[in-house]
Amino acid sequence: MSMRLRSLPARVLIAVALLVSLVPNPTSAESGDACELASTHPAGVLLRCGLQLKSLVLAYEDVRRQRRHDPQGVFHFVCPIEEMCDGQPRISGWMIDHTKWRRSERGDAAIFELLRQPPIILRGAARPVDVASDPLKSICGVFDLELAGLSGQGVCYDFGESQSTTIVTVVSNDEIGFVLLFNQRNAELTAFRETVDALLPRFKLERASGDAYLLRWMMP
Amino acid sequence: MKSAVLVFPGINRERDMARALALVSGHEPAMVWHTDTELPTGTDLVVIPGGFSYGDYLRCGAIASRAPVMDAVRAHAAKGGLVLAVCNGFQIACESGLLPGVLMRNAKLKFICKDVFLRVERSDTPFTRGYNAGQVIRVPVAHGEGNYVADAETIKRLEGEGRVLFRYVSPDGKLDPVWNFNGATNAICGITNERGNVFGMMPHPENHVEASMGCTDGRGLFAGLVEHLGGAQPVAEKSTRRWSIFGRSARA
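Top line first, the protein sequences correspond to chains A and B. Letter 188 of the first sequence, counting from 1, is numbered 188 in this note's numbering, and no numbers are missing. Letter 227 of the second sequence, counting from 1, is numbered 227 in this note's numbering, and no numbers are missing.
Mixed in with the good hints, there may be bad ones.
Unchecked claim - Quick list of the computed label-pair ranges, beta carbon to beta carbon:
#	chain 1	residue 1	chain 2	residue 2	range
1	B	T37	A	D197	39 to 47 Å
2	B	W33	A	G50	41 to 49 Å
3	B	E161	A	K100	43 to 51 Å
4	A	S39	B	P177	23 to 31 Å
Claimed, not checked - Stretch by stretch, here's where chain A covers chain B in the computed footprint (C-beta under 8 Å, at least three residues):
#	region
5	43–55
6	101–115
Derived from the structure by calculation, the hints contain no laboratory data. Since this is a predicted model, take the numbers as computed values, not measurements. Glycine included, C-beta positions come from ideal geometry on N, C-alpha and C.
Could you build all of it, start to finish, from the sequences and the hints given here?
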């Protein structure tokens, strides 16, 4: 006797079972935990949450600067006409594993540890497996900040001989996280911090809506 | 000659360096991971190769300089052991205090990848004895931050103590701002520490060691090291190219 299901009721039963398995689970679509990474961009992600797509991209609102990214997965808000950004810091950053960051102590050592890790979008990159034994020390302690609606912490590093100072900020929410570096030469720390504080409100987290936008975002 | 090549996450020239060392010395170097706290016993030469250690995201060489293996390298140097630091390795050596000064962004703020001409300033060091003083060699560079800068006192000491071993020059060996493509102070390309056992340079001699690479001018550096360390292999022939301040066919 053949093993193939020949009877009509059996076929109907299988079809119904298949259809049921394809119906989205409303709880998983609404739950933040159910989101999966669909695609990445150096400054953002496309998440698949059930049948919904959600795009989050970090932007900087300043006509003088443009967002660019390099093959190392780092984005930069550069000034195509450099003279227009005289006295302003270089700004660069990358996406981090926000869940890991949010589980950390979010202090000096945790920030330095993040700086040792490649951007999360470089999935094949070598990642240090050890923990830094001699982390850089912040010259301004650890301070709280908010950027693009994301909360985070910041530290300041001084690279004496190069007369260069870098303010490192790490921000995240439940969906995404970034490291942002602000670097400037010959900067007095207090004034530099004020400059960076003034820049923070210009960052926005763009949330895409509409299929057309998402489709464009997904195009290479 | 027993050599060790350090490997950090993001470094990408370690294989080139290992190949060059093996080719010229006849001995495969040990590859030493950044988390190691000791160098292989009997290491004569430590090489910090080029690449983008830890992505160079924070500052070139700043994070690698704090890796556990660097304590072992500092101890090796303190005992008089040889250290060769190339490109990102040079940046790491400066950031870790093995060499003075810093490497800043190139004068034109662009990443530059091309062959450049270097003048050998002296040939009585372990790193340059494979060349003749005044000889001009052609070696590739690939960096965005190779502009050597130090305070005036340090520059004065480097120059006065003969610690500048290579300078960027024109093909006929003349100092010329046009050929000092990254804007380095005094066209400085490679320097040693006070003791002369740690040497850093931005160009990549390891990429000009075989005829198939189109040039063998980098080979003299490795040949000199082998000769200095009494390697069993015969010293490789000195560069056959005659780039010299005295003309293309002469030797200084």
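Can the suggested window of 23 to 31 Å be confirmed for the beta-carbon pair S39(A) and P177(B)? Given a distance of about 47 Å, which is not inside 23 to 31 Å, the answer is violated.
Do three or more residues from the region 43–55 of chain B put their C-beta atoms closer than 8 Å to C-beta atoms of chain A? Result for this restraint: holds, n = 3.
Can you let me know if the beta-carbon spacing of E161(B) and K100(A) is within 43 to 51 Å? Holds, since E161(B) and K100(A) (Cβ atoms, about 48 Å apart) stay within the stated range.
Examine the region 101–115 of chain B for residues whose CB is less than 8 Å from any CB of chain A, and state whether their number is three or more. As far as the region 101–115 of chain B goes, the hint holds, because 4 residues have Cβ atoms under 8 Å from chain A.
Has the hinted range 39 to 47 Å been met by the Cβ atoms of T37(B) and D197(A)? The hinted range 39 to 47 Å holds for T37(B) and D197(A), with Cβ atoms some 41 Å apart.
If I claimed the Cβ atoms of W33(B) and G50(A) lie 41 to 49 Å apart, would that claim hold in this structure? With Cβ atoms ~43 Å apart, the hint holds.
In this structure, the one hint that does not hold is number 4.
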